[in-house]
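Just so you know, the sequences run in chain order A and B.
Quick note: the first sequence, position 261, residue 261 per full-length UniProt numbering, numbers continuous.
Quick note: the second sequence, position 548, residue 548 per full-length UniProt numbering, numbers continuous.
Treat each hint with caution, since some may be false.
To be verified - Derived DSS-like pairs (lysine-lysine); straight-line CA-CA distance at most 25 Å:
| hint | chain 1 | residue 1 | chain 2 | residue 2 |
| --- | --- | --- | --- | --- |
| 1 | B | 574 | A | 581 |
| 2 | B | 124 | A | 548 |
| 3 | B | 581 | A | 574 |
| 4 | B | 287 | A | 724 |
| 5 | A | 259 | A | 221 |
| 6 | A | 304 | B | 724 |
| 7 | A | 287 | B | 317 |
| 8 | A | 724 | B | 304 |
| 9 | A | 287 | B | 574 |
| 10 | A | 483 | B | 596 |
| 11 | A | 124 | A | 98 |
| 12 | A | 581 | B | 581 |
| 13 | B | 339 | A | 275 |
| 14 | A | 339 | B | 287 |
| 15 | A | 287 | B | 724 |
| 16 | B | 221 | B | 259 |
| 17 | A | 317 | B | 287 |
| 18 | A | 304 | B | 304 |
| 19 | B | 221 | B | 207 |
| 20 | A | 564 | B | 596 |
Since the hints were made in silico from the structure, they are not lab data.
Quantities reported herein were computed from a predicted structural model and do not represent experimental measurements.
Protein chains: 2
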Amino acid sequence: MESKPFFRFLFFFIAIAFLFLFAWTHLHYAPSPGVTTLLDCASNSPWCTSSKNRFQSKQPTLTKTPRASTSQRRHHESAVPRHPLDPLTIQEFNKVRKILSSHALFKSSNKYALHSVVLEEPNKELVLKWKKGQPLFPRIASVIARANGVSHVLTVNLETDNVTVLNTAPPTGYPTMTIEDMTSATWAPLSNAKFNRTIIERGVNLKDVACLPISLGWFGKKEENRRLIKVQCYSMEDTANFYMRPIEGLTVLLDMDTKEVVEVSDTGRSIPIPKATNTDYRFSEQKLQQDLNSINPISIEQPKGPSFVIEDEHLVKWANWEFHLKPDPRAGVVVSRAKVRDLESGVLRDVMYKGFTSELFVPYMDPTDAWYFKTYMDAGEYGFGLQAMPLDPLNDCPRNAYYMDGVFAAGDGVPYVRSNMVCMFERYTGDIGWRHAESPITGMEIKEVRPKVTLVVRMAASVANYDYIVDWEFQTDGLIRIKVGLSGILMVKGTAYENMNQVEGQENLFGTLLSENVIGVIHDHYITFYLDMDIDGSDNSFVNVNIKRQETSPGESPRKSYLKAVRNVAKTEKDAQIQLKLYDPSEFHVINPTKKTRVGNPVGYKVVPGGTAASLLDHDDPPQKRGAFTNNQIWVTPYNRSEQWAGGLFVYQSHGEDTLDVWSERDRPIENKDIVVWYTLGFHHIPCQEDFPIMPTVSSSFDLKPVNFFESNPILRAPPYFEKDLPVCRPAASA
Amino acid sequence: MESKPFFRFLFFFIAIAFLFLFAWTHLHYAPSPGVTTLLDCASNSPWCTSSKNRFQSKQPTLTKTPRASTSQRRHHESAVPRHPLDPLTIQEFNKVRKILSSHALFKSSNKYALHSVVLEEPNKELVLKWKKGQPLFPRIASVIARANGVSHVLTVNLETDNVTVLNTAPPTGYPTMTIEDMTSATWAPLSNAKFNRTIIERGVNLKDVACLPISLGWFGKKEENRRLIKVQCYSMEDTANFYMRPIEGLTVLLDMDTKEVVEVSDTGRSIPIPKATNTDYRFSEQKLQQDLNSINPISIEQPKGPSFVIEDEHLVKWANWEFHLKPDPRAGVVVSRAKVRDLESGVLRDVMYKGFTSELFVPYMDPTDAWYFKTYMDAGEYGFGLQAMPLDPLNDCPRNAYYMDGVFAAGDGVPYVRSNMVCMFERYTGDIGWRHAESPITGMEIKEVRPKVTLVVRMAASVANYDYIVDWEFQTDGLIRIKVGLSGILMVKGTAYENMNQVEGQENLFGTLLSENVIGVIHDHYITFYLDMDIDGSDNSFVNVNIKRQETSPGESPRKSYLKAVRNVAKTEKDAQIQLKLYDPSEFHVINPTKKTRVGNPVGYKVVPGGTAASLLDHDDPPQKRGAFTNNQIWVTPYNRSEQWAGGLFVYQSHGEDTLDVWSERDRPIENKDIVVWYTLGFHHIPCQEDFPIMPTVSSSFDLKPVNFFESNPILRAPPYFEKDLPVCRPAASA
């Protein structure tokens, strides 16, 4: 980034900051009662996507069904809920805001912020009974707010205007930061003289400083009783990729509520700021590469349009699938009421009541002063959905994609639209659904092959430097693949070293020297999914189908051994705390013990892990206590509507007293109950030079796969492709 | 399959058999010397793809480059080798046949068969030095033959006509079966009265019998000193999917050389043959499913044609990749001389000298009489390439695919063409090469996303019932993904049970009841890849980068622990016998210790396992001794041109004396040497009803990924998609 735009940017920032301060002090965030307000992101806050953003205005969002597509943008202002799980609408957000503004808690407060305003979903049994056409249940908003330095959980009944304050003092932890918390933290250090002095002494112009708000975890007394954040800064001089230019060792401890600089730790003065050379990744800054340009245009094409229908904005119907889809500020994307049609009976059968990214845990592996605390929990601390930016049509999702907007509330309760936050597209990759060719052995002339077409739901969250791509992929054979891709930019560390030959034998760099003066620090990523499986109904059991070596008895067989599947039904939670073992493998079935197939197998789905990683940190290490939900790869808990966030509802600065690990230790019965499966996908990341200055995507996934759920192969009767059905294409005129 | 075609089929079979017998007895396979012969598969053998096969004539195979495509079929008869690694040509096959026919070994033999005729690749150092335009090295054929009941390995120099007999008596084991071995085994039991009697007594019409040749492994004396096979049969009545109708318990032990029935084991008479209902999978036999039909046509489109060039029939050039590709009768597909262009220097850099599927191991988990021996080694016993049938355009590979034929020799040395055996296509799946969007935190207006386009090389082998899809996928970021998909039809077992409620508590079925009277038996699949990595040259080292928990010292840090990467260079083979452990993880680097990046990291590639399974059988179990190459997931051996087949060169009925495990136990030095990496991909398969009557594809993969091989992200400068570049498509006229 050149310095001029940054200057404007900084000026803008400071101006906004003053406006905020003014609003806080004088207006108490008070909305004009009775006025329906839609926050205009472009003019109101730098963190909203500007209307100048090329991606926002280009891609039409379709109304009702993509098949009958129009290029009109959906009118969020007039949206009304039509399904019990539909997210809050603009009008509902405004009503919440109005109701709260006159509530005692906030009326008397001279400082308050709404950290979360989402639909309080109706009770599960009500939702399960609800049918289209029936009236909705009373709409209730769930609000997490802070007023006068205290966190509150409340509900706002939008029919009765009744506000219920559920609790006022969580044992530890604070709510997810508001975007205002994060942005204000980025400029707060500039009010500190010591900070400014060290910046200048390090040879950085103040106008080139870019700072990041870094959640500081919890390590003891120092991180208690006030809402704190650490801020680290970078030089933006000569690059948009300031992440590669750390001002190493400089950490500002900030009180998030008062914006007071509590401490400036300044340890890395001898470490040079890495050069900007080769760090910019923007297309506009590149010399083109002939070899990579030489790929002829290639595209997924579907000229008759997508085959899915989106009813009432949120209900997706595609092939044999139906599910409810909504953006969520904390989880990113929530998939609910996923049902698959049984092609024998024609009946839609329950598979999953609700699935979403519950929490992330990203510990960095450097115990030194400026790094030890980097143990991010991106959903509960930053808001995984809040960080999901508009997707880039053609590049984030193929051309045939449909886009869904998120509608969220800002810290003052004003709703705003995050456009194109989620995309949905059908995918044909050239992969095969099933095949069989008779071989030379039989000589029969049979070759039957079915192409695989899937439906992908995607979002991409940019939590500062890192980008997480989360895909929910639905297959016609009943499989759901949940895939997480990691891209974006590394969090790197400055170093005096320019070459590995300067490093003494066993010195621990805590990472890899990626470029002169740049170390990519080793870190892990854990993404924990909440999967409320309902296999043909809510009461299910979890079965560990253990694959065991069985030795034969003398004389029984020429074989000495074979493998046997031993079914163990989990009675209580501890039976279902699973650490995966290659040499003690199992299948993990969620079955309906009361429902059998024609030949008597219990119907089920299995969780199929793919490549993954396990957390190896000491269980007593404070970060691992907070991230204890990663102590196992699989957990199963009885359904409990208050247990949705694996790290706890108030994860920020929490001590780890409200994690999945704590809940599971209660060892409640889970057999033939409404159960929730938790799966954690992990990555160890030792950076390498190919990750500099931006990382090629690394992905991993796991599957939810029918196991004796259907009587037989559900795609047996799917047709093959015929040439006559495929589109007719020509190169673009300009190409 | 209706009975009439089968009758014709049987008649045809018997007729062919007589012809073969006649030829063996009277003609000794003697070719007409001097006459160039191309076996016409259609009329000569039922196992060749008939000319009536709709897939053979429809898809044009392109000459020279697909960009300048013509629809002319390649003239294999006139093909000449142009690269030292090019496979034998029709003319060369004919020459080998002519030379051998007058060789003492075969002249005096009244029965001989050529089990393998392939190029004897020139020495690696010669190939590495060779440059396009230089003359080829003397072309030499490597032949594995049996004459008078003895196996021989020989080379035939096609320049000098010199034949060298390398050895005559492998310690144990026999060569890969010829197709004639397999097909003749399928009808041999019909000459046995006891066999025919039991078939009829079980109520099966002889005309409805379909039999499979089943390699019998080795379990002791009974399987020694003669070439044996077991044959099991099925009823084809009312279904093409005879695999679902086993005549359970009936096993015929056959002498493969004499076709003599050695033993008929007939144990399952009380077990009914499962019904044909719902077993046929052919499209022509289905009622269509509306839900799956409702997907609008979708296709990967590339109207300007593919971007790769195939020079001289086998040298593939695409984006920054170049490699030599050839079909192989045993391995299926061989990728050689894989090089990637360094976009900084413009230089093509060595990555892999040779990679291929070395062996498969598929043990079934049922120790009873009719099942214990099913422990297939599909490459060494059946020929993984021999079983690779022509791919189905549009369904096996997308529309933009290019197809490559295999040219192999039959048992009599006559060459034949396996058309469309391998396909190659560019793929865009909607996935993301890399991305970064600035988040609400910084508010900068940056969103940069690059679509991912890859090149896929695919083959599909049908080893009787099972179908293996093997993909080599090349990415522009330097990654190679090797993926194996499993589909096709289960090997099932007949049972008296029709419902699980008839099964006593703990009775072991050895599998899952899939349908009335049908058990899907538990089994494993292991696919072992030979990967002769040459990272910037042949001398490389293998580094186990172990990720270890490091506890901090008291007072060192608020953190108790972090993860550290500890590099262990493998000195000898035993250091590189790797069993993967989730809780003791490592990265597995192949580095060039003498070549460093600008900042001093050794250049390398890493082997990145994905989801996999490990063999749990007793190491002393005879099948596991033979399949001991699956005892570890990763092995590294010093390059040795005789060590290519992980289960041994003569794997059929071998005792396991020539496996990768045996070689590796020598513990040879591997540091800074020309080394070969072996990776085994595994699957445990507990069948489920969805696998009936044909299995949806299950896949797994592993990656070869650059690690400090490039100075920085090699796709940094790749362009994004722009609307103006993408094709313009319309629905097909008929759609």
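Going down the list of hints, with the structure as the test:
{"no.": "1", "hint": "574/B with 581/A", "in the structure": "holds, 23 Å"}
{"no.": "2", "hint": "124/B with 548/A", "in the structure": "violated, 44 Å"}
{"no.": "3", "hint": "581/B with 574/A", "in the structure": "holds, 23 Å"}
{"no.": "4", "hint": "287/B with 724/A", "in the structure": "holds, 20 Å"}
{"no.": "5", "hint": "259/A with 221/A", "in the structure": "holds, 20 Å"}
{"no.": "6", "hint": "304/A with 724/B", "in the structure": "holds, 20 Å"}
{"no.": "7", "hint": "287/A with 317/B", "in the structure": "holds, 23 Å"}
{"no.": "8", "hint": "724/A with 304/B", "in the structure": "holds, 20 Å"}
{"no.": "9", "hint": "287/A with 574/B", "in the structure": "violated, 47 Å"}
{"no.": "10", "hint": "483/A with 596/B", "in the structure": "violated, 34 Å"}
{"no.": "11", "hint": "124/A with 98/A", "in the structure": "violated, 28 Å"}
{"no.": "12", "hint": "581/A with 581/B", "in the structure": "holds, 7 Å"}
{"no.": "13", "hint": "339/B with 275/A", "in the structure": "violated, 31 Å"}
{"no.": "14", "hint": "339/A with 287/B", "in the structure": "holds, 23 Å"}
{"no.": "15", "hint": "287/A with 724/B", "in the structure": "holds, 20 Å"}
{"no.": "16", "hint": "221/B with 259/B", "in the structure": "holds, 20 Å"}
{"no.": "17", "hint": "317/A with 287/B", "in the structure": "holds, 23 Å"}
{"no.": "18", "hint": "304/A with 304/B", "in the structure": "holds, 21 Å"}
{"no.": "19", "hint": "221/B with 207/B", "in the structure": "violated, 35 Å"}
{"no.": "20", "hint": "564/A with 596/B", "in the structure": "violated, 49 Å"}
Figure legend: structure checked against the earlier numbered hints; hints not met, in rising order: 2, 9, 10, 11, 13, 19 and 20.
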